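J.: The residues making up each chain are set out below.
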Amino acid sequence: MESFQFNHNVAYALLFSPVNNPGKIKQRIINAAKATGSEGNEEREAVNFSFIDASLITSRLHLETAIHQAIIAESQGLLRTKTIHSEILFALNPTNNITEAIRRYGVSDTSNALFVVHIVDSPGPISDLEIKMKQAVDGTMVPFDELAKVTDWDKIEKYHKLANEVMEKGDAVQARTFIDNVAISSVAMKSVMQ
Amino acid sequence: MTISLSQNLIRSSLPIAQGAEAKVYKAHLTPESPPILLKYRFQKDYRHPFLNANLTRSRIAGEARAILKCLRSGVHVPGIRMVDATDGVLGIEWIEGQSLRRLLPGGAEDDGSDNVDNVDSMDTDILKEYGVSVDELMKLIGIEIAKMHRVDVIHGDLTTSNMMLRRPESFTSSDPNVTTELVLIDFGLSYQSTLTEDKAVDLYVLERAFASTHPDSEPLFAKVLAGYAETTGGNWPAIKHRLDDVRLRGRKRSMVG
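Order-wise, the sequence lines are chains R and A. Residue numbers for the first sequence follow the UniProt record's numbering, so the first one is 1 and each next one is one higher. Residue numbers for the second sequence follow the UniProt record's numbering, so the first one is 1 and each next one is one higher.
Just so you know, the hints here were simulated from the structure itself, not pulled from any lab data. Check the hints yourself; a few may be wrong.
[Claimed, not checked] Below, computed lysine-lysine pairings styled on DSBU-like, alpha-carbon distance capped at 35 Å:
#1 A:LYS147 / R:LYS169
#2 R:LYS155 / R:LYS34
#3 A:LYS128 / R:LYS169
#4 A:LYS44 / R:LYS169
#5 A:LYS223 / A:LYS26
#6 R:LYS134 / R:LYS34
#7 R:LYS149 / R:LYS161
#8 A:LYS240 / R:LYS161
#9 A:LYS240 / R:LYS169
#10 R:LYS82 / A:LYS69
#11 R:LYS158 / A:LYS147
#12 A:LYS128 / A:LYS26
Predicted, not measured: the structure shown is a model, and the values here were computed from it.
Starting from the given sequences, assemble the full structure and let the hints guide the process.
T.: Laid out in structure tokens, this is it:
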């Protein structure tokens, strides 16, 4: 389990690749949102994570920045979406369209690799959390380094509208450093985007 | 009142410098994260809190937007790492390197006036570490400003203090001959404009900064303009013409108001 120890909060994250049940996870989140009563609460608790399509994440810092901005927004009562976990998806998307953010960056039927993130106020026992994450996702848990194999640079380039700029870069390494920096910066400044 | 998240981050950060508008810190978002630079626009007690919050928010927003626009267009600027407009905190990529002011003759603060005639030996010594000559450096300045002006961003405060050279150890390039990168910093006074006048004034401000910080800098600045002209292309004659006008009258166009 990877952790991001911010000053105020801690975020725990696992990377799954491949994922065998993306469609089911998505359906489960939708159903949990609609369910009522104590059963509904339980079900919501079982999927109380941010499920992020890992193919759209460029680096650990990219993910960390999105989590951090979501934490800032929540601490100031400035969430643009319903929960801190959906706010991460909103922060990742370069536009202000919430539906689009969830469709693109959240879990979808075609998701092959997923980050599962949970934000808490203070560090706690992670064994329970890890079990809950593994119960929600049918897939192989891999180290964060594996992200390099799943990142879909062409798609990220398209979402950030960087095709012309990338063409001017000398080689693939330079192009990726560039896309990574733009993606991180866009996430960081999302709250003051025009 | 409880301490906000960003305030808490600042408390655990290392103070670097303070100016009239902001304080600057070196921080880490998490213990494993790369360092970032925090620019904290602190509360001005002489301003009404409401006005203060609005001004701070719009300035942070303006600075972040200018940086992202430059970054997307391939201008060398630090990436953005966090924004908390409510608390007045802007976090940007930490650049491992040095300000140009300290790398050019006359700019070092502890540099006595007695070694002014020793100019050539001293600057080549410091710059050798970065693998560039003074002439190459001047050209880099011109190119970077031209790239920024090409996307209609006006820096507003071009000085050699607001430019940095990346240390070769922390810089990788596909071209082995390129050992460093000139980075433009501090977009706190920047704005967007397509006007030739604004671009000419931007250059004029830098020319004055050169003249007042670095002795005998006329030939140096000429090389900055040469680099700028080359990158600007067709728009250069108009800007050059306007720069000549600005030199005669100063940076304020109108003598009234």
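J.: Please list, smallest to largest, the hint numbers that this structure does not respect.
T.: Violated hint: only 4; rest satisfied.
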